[in-house]
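Chemist: These are the residues of each chain, in order.
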Amino acid sequence: MGTLEILNVQGGDVKLSFNSKDASEAIRAKRYIGEMMKVGFVLLVEVNRDGETAYERALAFDPARGEYIIADFEGANGHTNGNTPPAVQSGGELPAVSGTDEAGPEPETDVKPRRGRRKRVPMEEANATAVGRSAGG
Amino acid sequence: MQPQSADLLEDRPSEADYITMGEVINKYLAPQYGHSWAGYPTLMAGMPMELHPRFPFADLYTKPFPDPDGIVKDPPDIGNPFSKLFDLCMVSPAWGLRSEIRALRKLKRHINHMQFHAYFMTGAFPAISERSKVGYLFRRLRPTIAFALRETHSRFLAALCSHPIGFYSGTHAGALCPTDDVLAQYLLMVADEHYFWRISNQHPWEDQHLWT
Numbered sequence: 055m056g057t058l059e060i061l062n063v064q065g066g067d068v069k070l071s072f073n074s075k076d077a078s079e080a081i082r083a084k085r086y087i088g089e090m091m092k093v094g095f096v097l098l099v100e101v102n103r104d105g106e107t108a109y110e111r112a113l114a115f116d117p118a119r120g121e122y123i124i125a126d127f128e129g130a131n132g133h134t135n136g137n138t139p140p141a142v143q144s145g146g147e148l149p150a151v152s153g154t155d156e157a158g159p160e161p162e163t164d165v166k167p168r169r170g171r172r173k174r175v176p177m178e179e180a181n182a183t184a185v186g187r188s189a190g191g
Numbered sequence: 088m089q090p091q092s093a094d095l096l097e098d099r100p101s102e103a104d105y106i107t108m109g110e111v112i113n114k115y116l117a118p119q120y121g122h123s124w125a126g127y128p129t130l131m132a133g134m135p136m137e138l139h140p141r142f143p144f145a146d147l148y149t150k151p152f153p154d155p156d157g158i159v160k161d162p163p164d165i166g167n168p169f170s171k172l173f174d175l176c177m178v179s180p181a182w183g184l185r186s187e188i189r190a191l192r193k194l195k196r197h198i199n200h201m202q203f204h205a206y207f208m209t210g211a212f213p214a215i216s217e218r219s220k221v222g223y224l225f226r227r228l229r230p231t232i233a234f235a236l237r238e239t240h241s242r243f244l245a246a247l248c249s250h251p252i253g254f255y256s257g258t259h260a261g262a263l264c265p266t267d268d269v270l271a272q273y274l275l276m277v278a279d280e281h282y283f284w285r286i287s288n289q290h291p292w293e294d295q296h297l298w299t
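Chains as they are written, first to last, in the working numbering: chain E, 55 to 191; chain Y, 88 to 299.
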């Protein structure tokens, strides 16, 4: 049974569970997840990576199949999902580095950002946490 | 008389001296205009909030709300560190004790024992990104410090500040209870570090509010 924990202002959290054997519950859950993705919630899906629990951000949700679509694991250059770390992003997406007497992070020029593969995770088999849109800070 | 454990968990006082607009919205407006999965934040007297512009009723939160006596206080003085800390204390009734304790339990599930011990005792815990090897110091009610690890020293990269839903203007207080804010930032970092940097405001080393 999959669960979705939503970080919530009032009660601390709201937890939804998905029972694949209950068709009406599954339909409702798919609708809820679709709604949340539409209004900008970030869904962080728990995955098993090399025997350890890890998280991936859901890039999309397929309501027809009830599956989260996440970036797939890639071991290239020690980076695990095709995302390059903040220090090596290109195209103006370098994190702002400020306030030190040293220069900013040195870009690893041999690492090129690339689009990772996608992987599907059935919602009934995954635990996920939903986080509301950030307003900055 | 020894305090009972239940006393620690006692939630908001029955005669609240603050205005819980979140509850008003939940009760009267949300059924008509729409439900928010994340709930509606509690608006404190004299403390305007900054919410994501697409959040339902976001504009209702942006103006100082009068206290129960109808007095509209001045907006917080964000230039004064003392004022910032004081405002933080004033905001604290917005969060339920039970919510915070539940958030602590959730956080404990996601980090190791040493990290949780550090967080419980000091309000901060370190973590290192497996992807980028960037170090992070996640702090309660303060921006997260990102630093580059070196053999002999660590180098400050940026202080990252993000609040799901929104935050109280001029303070480090988010709409979510403090540990849920930390948990959200931590999970975003481990799930998609690039996205975490992208949605966070980055504060420079010189920003005095990072350290107060």
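What the hints contain is simulated information worked out from the structure, not anything from laboratory work. Glycine is no exception: its CB is placed at the ideal position from the N, C-alpha and C atoms. Careful: at least some of the hints might be erroneous.
[What the hints assert, rightly or not] Here are the computed lysine to any residue pairs in the SDA-like style, where the Cα-Cα straight-line distance is at most 25 Å: (1) Y:K171 - Y:D294; (2) Y:K195 - E:E89; (3) E:K84 - E:G190; (4) Y:K220 - E:K84; (5) E:K92 - Y:K220.
[Said to hold, decoys possible] Listed next, the stretches of chain Y that the computed footprint assigns to chain E, with coverage defined by at least 3 CB atoms under 8 Å from CB atoms of chain E: (6) 125–138; (7) 203–216; (8) 247–256; (9) 274–286.
Chemist: Holds or violated: Y:K220 and E:K84, Cα atoms, limit 25 Å.
Modeler: violated, 36 Å
Chemist: Please work out if Y:K171 and Y:D294 have their alpha carbons no farther apart than 25 Å.
Modeler: This hinted pair holds, its Cα atoms lying about 13 Å apart.
Chemist: Are at least 3 residues of the region 247–256 of chain Y within less than 8 Å of chain E when you compare beta carbons?
Modeler: holds (count 7)
Chemist: Between the alpha carbons of E:K92 and Y:K220, is the straight-line distance 25 Å or under?
Modeler: violated, 32 Å
Chemist: Decide if the proposed pair is consistent with the structure: E:K84 and E:G190, CA atoms, cutoff 25 Å inclusive.
Modeler: violated, 29 Å
Chemist: Taking only the CA atoms, is the gap from Y:K195 to E:E89 under or equal to 25 Å?
Modeler: Since the Cα atoms of Y:K195 and E:E89 sit roughly 29 Å apart, the hinted pair is violated (cutoff 25 Å).
Chemist: Can you take a look at whether the region 125–138 of chain Y is actually covered by chain E? Rule is 3+ residues, C-beta closer than 8 Å.
Modeler: holds (count 7)
Chemist: Under 8 Å between beta-carbons, do enough residues of the region 274–286 of chain Y, three at least, approach chain E for the coverage claim to hold?
Modeler: Three-residue rule met by the region 274–286 of chain Y, so holds; n is 11.
Chemist: Can the region 203–216 of chain Y be counted as covered by chain E under the rule of three residues or more with Cβ-Cβ separation shorter than 8 Å?
Modeler: Answer violated; 1 residues pass the 8 Å Cβ test.
When the structure is compared with the earlier hints, violations turn up for hints 2, 3, 4, 5 and 7 and for no others.
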